[in-house]
Amino acid sequence: MKRTYLSSAIGLVLGLAFIAPLQAQQAASSPAASKPTAAKQAEAKELQEVTVSARRRDESLEKVPVAVTAFSGEDMKDLQANSIDGLQSAVPNMNIVQGRGSSSAVNIFIRGIGQPDALQTFDPGVGMYVDDVYYSRIQGALISLFDVERVEVLRGPQGTLYGKNSTGGAVKVVTKSPPEATEGSVEAGFGNFGRREGKFYLGGPLAGAWSASIAGAVTRTDGYVTDPATDHNYNDENTKAVRGKLRYHPSENFDAVLSLDYTKMDTGLTLGQPVSSLTQTVLPLNTTVVLYTPNPNQKYDFKTHTSLPTNDGQHLKHGGAALNMNWKLSDQWNFKSITAFRKLDSDSYIDIDASKFSLGDVLVDFHQKQASQELQLQYDNGSNLQAVYGLYYLRETVPSHQEAYANDLFSNGGVPVSFLRTIDDDLTTTTYAGFAHMNWEFVPSWTLAAGVRYSSDHKDYDRTTSIFWNSTSLYLGFIPFPALNGSPVAFNGNKRWNAWTPSVSLQKQIDPQTMAYVSASRGFKSGGFNGRANSAAETLTAEYNPEYVWTYELGLKWRSADNKLQANLAAFHSDYTDFQARVSEVQNPGAMRPTFAFPVINAAKLKMDGVEFEGAAVFDDGTRLSAQVGYMNARYAKFTDHRLNPSDPLYNPSLHDHVPFSPTWTSRLAATHAFNLSSGSAITIGADWAYRGETWLSVDNYAALSQKAYSVTGLFGVFDSADGHWQFRTGVRNLGDKVYKTDGQEFSSVGNIRTAYYGMPRNWYANLRYNF
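This note's numbering puts the first residue of the sequence shown at 725, with every later residue one more than the last.
There could be a bad hint or two in this list.
Unchecked claim - Have a look at the derived ranges for each label pair, beta carbon to beta carbon:
hint: 1; residue 1: ASP1055; residue 2: PRO1168; range: 39 to 49 Å
hint: 2; residue 1: ALA1285; residue 2: THR1437; range: 31 to 41 Å
hint: 3; residue 1: ARG1486; residue 2: TYR1113; range: 27 to 37 Å
Claimed, not checked - Here are the simulated lysine to any residue pairs, SDA-like style, with alpha carbons at most 25 Å apart:
hint: 4; residue 1: LYS1080; residue 2: LYS1041
hint: 5; residue 1: LYS1060; residue 2: THR775
hint: 6; residue 1: LYS1432; residue 2: LEU1459
hint: 7; residue 1: LYS988; residue 2: MET1484
hint: 8; residue 1: LYS1041; residue 2: ASP809
hint: 9; residue 1: LYS1041; residue 2: ASN1108
hint: 10; residue 1: LYS1232; residue 2: PHE1320
hint: 11; residue 1: LYS1023; residue 2: LYS1462
hint: 12; residue 1: LYS1432; residue 2: PHE1320
hint: 13; residue 1: LYS1080; residue 2: VAL1353
hint: 14; residue 1: LYS1462; residue 2: VAL1353
Bear in mind the hints are in silico, worked out from the structure with no lab data behind them.
The C-beta atom is built at its ideal place from N, Cα and C for all residues, glycine as well.
Take these sequences, add in the hints, and give me the full structure.
Shown next, in the form of structure tokens:
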């Protein structure tokens, strides 16, 4: 797979290198000097029209009755975003961070809905799409933004238009297509924490109806977390990525793009900090001793111990091929096909307890493949009626091998007991779906949109797990430890879940500048099987049911007649049922050999109410202001958990007071100002301030796994040469060096493990780019 992607990429580069000079005379618009100069760009006195494809056709952002936020590639640079998690705080009521001890995973919640467990047997609540291809796993979804044309974030259920039904929303990344005129760029950068990076892009016409492009990036850092025992750095970056595209466009009636991409990541561990006391269980009396106690008054200094060897890191290979084809059948009908295959290999160690003790050290080695096919038939009468009809198919296989090491979790009369759990499982998911969506302007300025989707998800899951104990003190009473190992626990789950998910909206174009809408939509996420069922008793309740959400939304979109001001407002209410909650508990406290369990329960009904505002303004002096504000009241209407019963020995009345990753307030304010220089070049400076309210980082609420309200700031500056060839960009993120938690691991039934992960401390960078 790797050779295929790299050889294809090299072939594209060589082809462009030989053919591009031959095209130079034909493509008179290709030289950088003919592009808009920096000064002309700085003199822009109005907001640019934003086109999105949120409803599978190109539309103005201001005309779409959907809560959607869009960013161009340049916008992402001004956000100082190197990867998709740079959208944190830029979208109201969205949480998007590097996820749960993995250098390649992304944890996304929109309006309180996401994926509460990082294990590969759980499905995302927010869909991730790259060039209309769905990414099934959050691993490998921490996408590098080296060749992005735009990013769209849709808030609310996406059940009638997108390939895979999702309850929370969708993040849609659109990469650059081969351009009609030859263009390219090279970029190099450096920064603190040993940052160094390089990027390139080259694209243009080939012969006849063919064109191509290739883009690549290499990013490395030395890491910002240090093990004080070894002085080894962790939380580093080491990513190589390449994407090649080949386009065939013989006429206005047919267009096809073949895309190949490949990403390789090789990093050390991603370490957090233990935020609760870590304990060891002493057998046979089943008492506990404290191994480690954190200092709650000491601010995290990005120094963390680990029990894993320095060469036990995290490795990922992720690649795929996609063929997007469009046929214009007539003036009114268009047919589209999206065929894709993806392969993801992940081999990662995670020190879940983030300490010198071996309590929650794991190896997760899985190999995912997915093949998908989507067919769309689009209709547009050129006036008041548009429609999309679609069929979708996805087949995914995820075999994995896991090992859990906990040599400090138990002791036998003071002698450590070695503990190893091995897990081999295999998940196959097959999805079929059909959908239809229609837009009808039934009277001037009034438009009704309605859609429906039928989804059928089938999952076949096999799991085998074994425990191996050993101790130099070979006896627990009179029973040898090896005799306690027992037989492997195995089970198979096989089930299909089906659902209908409709949507409807009514919009009114009040005047040329103002549009209002009201909508209702339903989302569905299929059920599944608990990938953490470790005992025979747990296998009996390993199956969990689907989730559903109904969201009702009222929106207003406005842009001033002079295109200097813009404001979008949305208010929503969501009813969310059968929440798939992964919790952590001891199922037989006091037993000679306690069982540590992580059941998935359809425990909860939730209600979310919120308001979202997005605004922008430009001024004649080259100043631009923007703001995003989100308010959300997310709460449980019901949570069924025996630990909420006062008669239960594990009773905890405040265990589910807060919905995870659902702060009440999220907001961001940003400003840029461009200065024209006499030479024709320009300097742009920008700053932003982002605020996030108190956030709980796990389903089971513990104060140690919460983050109080905080804010971060950033600054950047850009120099653009008059001829458009050169750009120098520098900036600093987290200017105030704020220490804040972004994510957490909650396995409190095992050694009382609660681990928090933190945002990067203050960091700066400087990049030089040449356009040609």
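Each hint, compared with the structure:
1. Restraint check, ASP1055 to PRO1168: a C-beta distance of roughly 22 Å breaks the suggested window 39 to 49 Å.
2. The beta-carbon spacing between ALA1285 and THR1437, approximately 34 Å, falls within the hinted interval of 31 to 41 Å.
3. At about 51 Å, the beta-carbon gap between ARG1486 and TYR1113 misses the expected band of 27 to 37 Å.
4. Distance restraint check for LYS1080 and LYS1041: the Cα-Cα separation of roughly 29 Å exceeds the 25 Å cut-off, and the hinted pair is therefore not satisfied.
5. Our distance criterion of 25 Å between C-alpha atoms is met by LYS1060 and THR775, whose separation comes to about 19 Å.
6. Among the hinted pairs, LYS1432 with LEU1459 is consistent with the structure: their alpha-carbon atoms are about 19 Å apart, no more than 25 Å.
7. Restraint check for LYS988 and MET1484: the C-alpha separation of about 22 Å stays at or below 25 Å, so the hint holds.
8. Between LYS1041 and ASP809, the direct Cα distance comes to roughly 19 Å. Compliance with the 25 Å bound is thereby established for this hinted pair.
9. Under the criterion of a C-alpha separation no larger than 25 Å, the hint pairing LYS1041 with ASN1108 is inconsistent with the structure, at around 47 Å.
10. Distance hint between LYS1232 and PHE1320 is unfulfilled; the C-alpha atoms sit about 56 Å from each other, more than 25 Å.
11. Annotation: proposed proximity of LYS1023 to LYS1462 holds, straight-line Cα distance about 10 Å (limit 25 Å).
12. Distance check on the hinted pair: LYS1432 and PHE1320 sit about 30 Å apart at the alpha-carbon level, beyond 25 Å; violated.
13. Of the supplied pair hints, the one linking LYS1080 and VAL1353 is violated, its CA atoms being roughly 41 Å apart against a limit of 25 Å.
14. Restraint check for LYS1462 and VAL1353: the C-alpha separation of about 21 Å stays at or below 25 Å, so the hint holds.
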